[in-house]
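Asker: Chain by chain, the residues run as shown.
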Amino acid sequence: MESIKDRVAIVGMGCSKFGERWDKGVEDLIVEAAYEAFEDAGIGPKDIQAAWVGTVFSGLSAITLAPLQLQYIPMTRVENMCATGSEALRAASYAVAAGVCDVALAVGVEKLKDSGQTGVKGPAVVGDNSEGSSGIGPGYSAPASFAYLATRYFHDYKLKPEEGKRLLAQIAVKNHHNGSLNPKAHFQNELTVEQVMNAPIIAWPLGLFDCCGVSDGAAAAVVTRADMARNFRADPIYIKGLQINVGARQGAMMQDYDFVHIEENVLGSRKVYAEAGVKDPRQEISCAEVHDCFSIHELIVYEDLGFSPRGRAREDIEAGTFTLAGALPVNTDGGLKCFGHPLGASGLRMMYEVYKQLQGKAGPRQVKNPRLGLTHNLGGNAGTGVCSCFIVGNEK
Amino acid sequence: MPAEASTLPERSPLSLQNRWRERKVISALYGVRCQACGTPQLSQIGQALRVCVNCQARDRFEDYKFSDKKGRLFSYAIDQLQPTLNPPGVNGVVDFEGGGRLICELTDCDLDKVRVGMPVAMTFRKMYQLRGLVNYFWKARPAE
Ligand SMILES: [Zn+2]
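Going down the list, the protein sequences come from chains A and B.
Quick note, the first sequence lines up with residues 0 to 395 if you use numbering that gives the first Met the number 0.
Quick note, the second sequence lines up with residues 0 to 143 if you use numbering that gives the first Met the number 0.
Quick caveat, the hints were computed from the structure, so don't treat them as lab data.
Be careful, since some hints might not be right.
[Unchecked claim] To be clear about the criterion: a stretch of chain B counts as covered by chain A if any three or more of its residues have a C-beta under 8 Å from a C-beta of chain A, and this derived list gives those stretches: (1) 17 to 27; (2) 66 to 78; (3) 81 to 91; (4) 95 to 109.
[What the hints assert, rightly or not] Across the chosen pairs, the derived CB separations fall in these ranges: (5) A:308 - B:55: 26 to 34 Å; (6) B:67 - A:73: 54 to 62 Å; (7) A:128 - B:59: 24 to 32 Å; (8) B:59 - A:75: 36 to 44 Å; (9) A:41 - B:84: 54 to 62 Å; (10) B:36 - A:41: 52 to 60 Å; (11) B:49 - A:197: 43 to 51 Å; (12) A:1 - B:57: 29 to 37 Å; (13) A:281 - B:110: 21 to 29 Å.
Cβ atoms here follow ideal geometry from the backbone N, Cα and C, with glycine treated the same way.
Starting from the given sequences, assemble the full structure and let the hints guide the process.
Answerer: Right, here's the structure in full:
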């Protein structure tokens, strides 16, 4: 079995403005992101030899990409819940690595705000057949499915509700600070710990600002063979590892699952570190974009991905380890917290930030001397999920 | 008095076909026990279990009734958004004595007394009515 390491490079990326894009359709978001990626790569749409589009709700089949008017090339739609955008990039990268095309496009898009509703539609339980449900699932909201983690984390680590909520609030405050420096973010406002702690409860113990927003957005990447990458640009970003790890409801069905970690995160990250040759992620990863759908999950990701020792994320949060000036900046662009979570777009939006960071083009959010960046998604919830863990670097 | 409609997207339609296949789970909370490793298990979504979640043995199951088993609350979430006849939605991870786990709605509970480790028992309740079909299923209630 061969690794993907250093065989594929990203040579162009684009990302639409995220937010309530009432005046724009799916087609506008796709064109906005893809044309920025084409221009960044110094190519035109005719240079694209194959394409993948990730969307969960905003289109059926690769005809979703029709607005780009790519002319009769192989294209496929992929869906892998919250990892959908990442999945599109993985498919395009694998095709290039297989040698069946030299230049491929990955696009992720989601238009959530047209529904006029406040959440993401779907079956009552993740993975159920939405066209013929048994009705067995309790049908709680996504915030509730992550609140189980917070309840149990507070219990196991003996945090009073006030202490636990204060800890989580610092994550939201950090991400909003980063988002305030990012013109593409949906929310560009700073928050205070008090605002977060006093916000209305959504799913106890999580409040409004523990939850990410719902927004519209798209992002895109152009990938090519690593040995051709410098024909496109002087600073390509090389793929070091692409891992997807999927559960089978073990945690929802068996009592040995503890609700203070996510097994898919642990195993997915371990595999991507092995693939990328990373031995000590805390030292070697320069910046990370992780799935902060809910503040408690970002905390758990610190521990699952080996950024903090198990049970000790609190020390790192309080020391500022994950802030822009810290040792391992996390969600430097503002995260899902400030971008919202248009499912198909999120994974590629994260990669857009890491790509810009590794090229030294992240403006006021720039981290110092980055070498390796990580993106991470988790679809589903505590009990079963789809995890993506990708690593990219600016040296071959 | 009708509860205010949830602002969450509407649930998926109930499937009579699916519910007929899973009638033993719905009417008596039957799951299965693996004859290879002994693990009691219950599907979260009304799917027949064909391969064991613990040892991956295929089709080596006997029926196993969960409705009469005592349980304890492993974790919980109180959901202000949940479309439920009994708002706010109180949900728990229920670990059954003898093995097996179900994540389900809680009922008949005093919100201030819900805690990790709380003993619970299962009770058959009306979940909701959608497009003319009434959905009955199981909820957990405090059993102290
Ligand atoms: Zn078994």
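Asker: Does each hint fit the structure? Answer for all of them.
Answerer: Here is what the structure says about each hint:
A stretch counts as covered by a chain when three or more of its residues have a beta carbon under 8 Å from one of that chain; for the segment 17 to 27 of chain B and chain A the count is 5, and the coverage holds. Coverage of a stretch by a chain is defined here by at least three residues with a beta carbon nearer than 8 Å to that chain's beta carbons; for the segment 66 to 78 of chain B and chain A the count is 6, and the condition holds. Closer than 8 Å: that is the beta-carbon criterion, and the segment 81 to 91 of chain B has 5 residues meeting it against chain A, so the requirement of 3 holds. By the rule of at least three residues with a Cβ nearer than 8 Å to a Cβ of chain A, the coverage given for the segment 95 to 109 of chain B holds, with 6 such residues.
About 32 Å separates the C-beta atoms of residue 308 of chain A and residue 55 of chain B, a value consistent with the hinted range of 26 to 34 Å. For the pair residue 67 of chain B and residue 73 of chain A, the beta carbons lie near 56 Å from each other, so the given range of 54 to 62 Å is met. A beta carbon spacing of about 25 Å between residue 128 of chain A and residue 59 of chain B agrees with the range 24 to 32 Å that was offered as a hint. The hinted range of 36 to 44 Å is satisfied by residue 59 of chain B and residue 75 of chain A, whose Cβ atoms lie roughly 38 Å apart.
Between residue 41 of chain A and residue 84 of chain B the beta carbons are some 59 Å apart, a value that agrees with the proposed interval 54 to 62 Å. A hinted range of 52 to 60 Å holds for the C-beta pair residue 36 of chain B and residue 41 of chain A, which are about 58 Å apart. Between residue 49 of chain B and residue 197 of chain A the Cβ separation comes to about 49 Å, which falls inside the hinted range of 43 to 51 Å. Evaluation of the 29 to 37 Å hint for residue 1 of chain A and residue 57 of chain B yields a pass: the beta carbon distance comes to about 32 Å.
For the pair residue 281 of chain A and residue 110 of chain B, the supplied restraint of 21 to 29 Å is violated, since their beta-carbon distance comes to about 40 Å.
In terms of the numbered hints stated before, the structure departs from hint 13 and from no other.
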